[in-house]
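One-letter residues, chain by chain:
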Amino acid sequence: DAMVIQNPRYQVTQFGKPVTLSCSQTLNHNVMYWYQQKSSQAPKLLFHYYDKDFNNEADTPDNFQSRRPNTSFCFLDIRSPGLGDAAMYLCATRGTALNTGELFFGEGSRLTVL
Amino acid sequence: KNQVEQSPQSLIILEGKNCTLQCNYTVSPFSNLRWYKQDTGRGPVSLTIMTFSENTKSNGRYTATLDADTKQSSLHITASQLSDSASYICVVVVGGSQGNLIFGKGTKLSVKP
Numbered sequence: 001d002a003m004v005i006q007n008p009r010y011q012v013t014q015f016g017k018p019v020t021l022s023c024s025q026t027l028n029h030n031v032m033y034w035y036q037q038k039s040s041q042a043p044k045l046l047f048h049y050y051d052k053d054f055n056n057e058a059d060t061p062d063n064f065q066s067r068r069p070n071t072s073f074c075f076l077d078i079r080s081p082g083l084g085d086a087a088m089y090l091c092a093t094r095g096t097a098l099n100t101g102e103l104f105f106g107e108g109s110r111l112t113v114l
Numbered sequence: 001k002n003q004v005e006q007s008p009q010s011l012i013i014l015e016g017k018n019c020t021l022q023c024n025y026t027v028s029p030f031s032n033l034r035w036y037k038q039d040t041g042r043g044p045v046s047l048t049i050m051t052f053s054e055n056t057k058s059n060g061r062y063t064a065t066l067d068a069d070t071k072q073s074s075l076h077i078t079a080s081q082l083s084d085s086a087s088y089i090c091v092v093v094v095g096g097s098q099g100n101l102i103f104g105k106g107t108k109l110s111v112k113p
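Protein chains in written order, with our numbering: chain E, 1 to 114; chain U, 1 to 113.
If you're looking for bench data, these hints aren't it; they were derived computationally from the structure.
These numbers were taken from a predicted model, which means no experiment stands behind them.
Do not rely on the hints blindly, as some may be mistaken.
Said to hold, decoys possible - Output of the computed footprint for chain U on chain E, the stretches with three or more beta carbons under 8 Å from beta carbons of chain U:
no., stretch
1, 42-49
2, 101-114
Claimed, not checked - Straight line, CA to CA, 25 Å or less: simulated DSS-like cross-link-like pairs of lysine-lysine:
no., chain 1, residue 1, chain 2, residue 2
3, U, 1, E, 38
4, U, 17, U, 1
5, U, 105, E, 38
6, U, 108, E, 38
7, U, 112, E, 44
8, E, 44, U, 108
9, U, 37, U, 57
The C-beta atom is built at its ideal place from N, Cα and C for all residues, glycine as well.
In isolation and in its complexed conformation, chain E is listed as follows:
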């Protein structure tokens, strides 16, 4: 059974039209990550939560926001998507043992911007 679930799997939006991607987990993990992955590139960390503590990467554009209302759910909001934001967005979770804990990824949400 899937332990990290992302919705929707595919999202098509128009230039500038806000989008929300969701991630839920059944692992009760403390840490949740959002990555952006473009074709043939490594996943790029946008931000992560350690419990309710939000950690933004320095080069993540302000256009990207996140919310974590409870342990199980985390949302990625793209306020005004541009063509360059078309990518696969991956959610991942990890337990408290950050060094050794296994990282579990969702199946990803592929965003297309028209």
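Starting from the structure of chain E, add chain U where the hints point.
Same frame as chain E, now just chain U:
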């Protein structure tokens, strides 16, 4: 600067053949190294985690090696199958409380019949 380099960038092999993927890293301090398989359009799935003291670890037809002295790791796939076609990503965890993850760009493997 912490970096993970993978080679080759892409690889095509015939079904049934073996192959080896390489990962070189310059990450300090080092905690552990992970190999992930990512099917096209899907999320990465863990294959193996290797700590400093582990030289070899197998998971079915996948065997990972780690040489902490030369900072190199390899992933060997035996008797390849069509379902092995995927990207293989090497990830190194930085030592310390944050456990930051450094991703390689991956090797795209295509297994042909």
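Status of each hint after checking the structure:
1. Given as covered by chain U, the stretch 42-49 of chain E passes the check, having 3 residues with a CB less than 8 Å from a CB of that chain where 3 are the minimum.
2. Note: the stretch 101-114 of chain E has 9 residues with beta-carbon separation from chain U under 8 Å; the three-residue rule is met and the coverage holds.
3. Restraint check for residue 1 of chain U and residue 38 of chain E: satisfied, since their Cα atoms lie roughly 22 Å apart, inside the 25 Å limit.
4. Taken as a hint, the residue 17 of chain U and residue 1 of chain U pair is broken in the structure, with Cα atoms around 36 Å apart against an allowance of 25 Å.
5. Of the supplied pair hints, the one linking residue 105 of chain U and residue 38 of chain E holds, its CA atoms being roughly 10 Å apart against a limit of 25 Å.
6. At most 25 Å may separate the alpha-carbon atoms for a hinted pair to count; residue 108 of chain U and residue 38 of chain E meet this at roughly 14 Å.
7. Of the pairs offered as hints, the one joining residue 112 of chain U and residue 44 of chain E is violated, with about 30 Å between alpha carbons and a cut-off of 25 Å exceeded.
8. Between residue 44 of chain E and residue 108 of chain U the CA atoms are separated by roughly 18 Å; this keeps the pair inside 25 Å, and the hint holds.
9. A C-alpha spacing of about 16 Å is found between residue 37 of chain U and residue 57 of chain U, which places the hinted pair at or below 25 Å, so the restraint holds.
Hint check: violations occur at hints 4 and 7; the rest are consistent with the structure.
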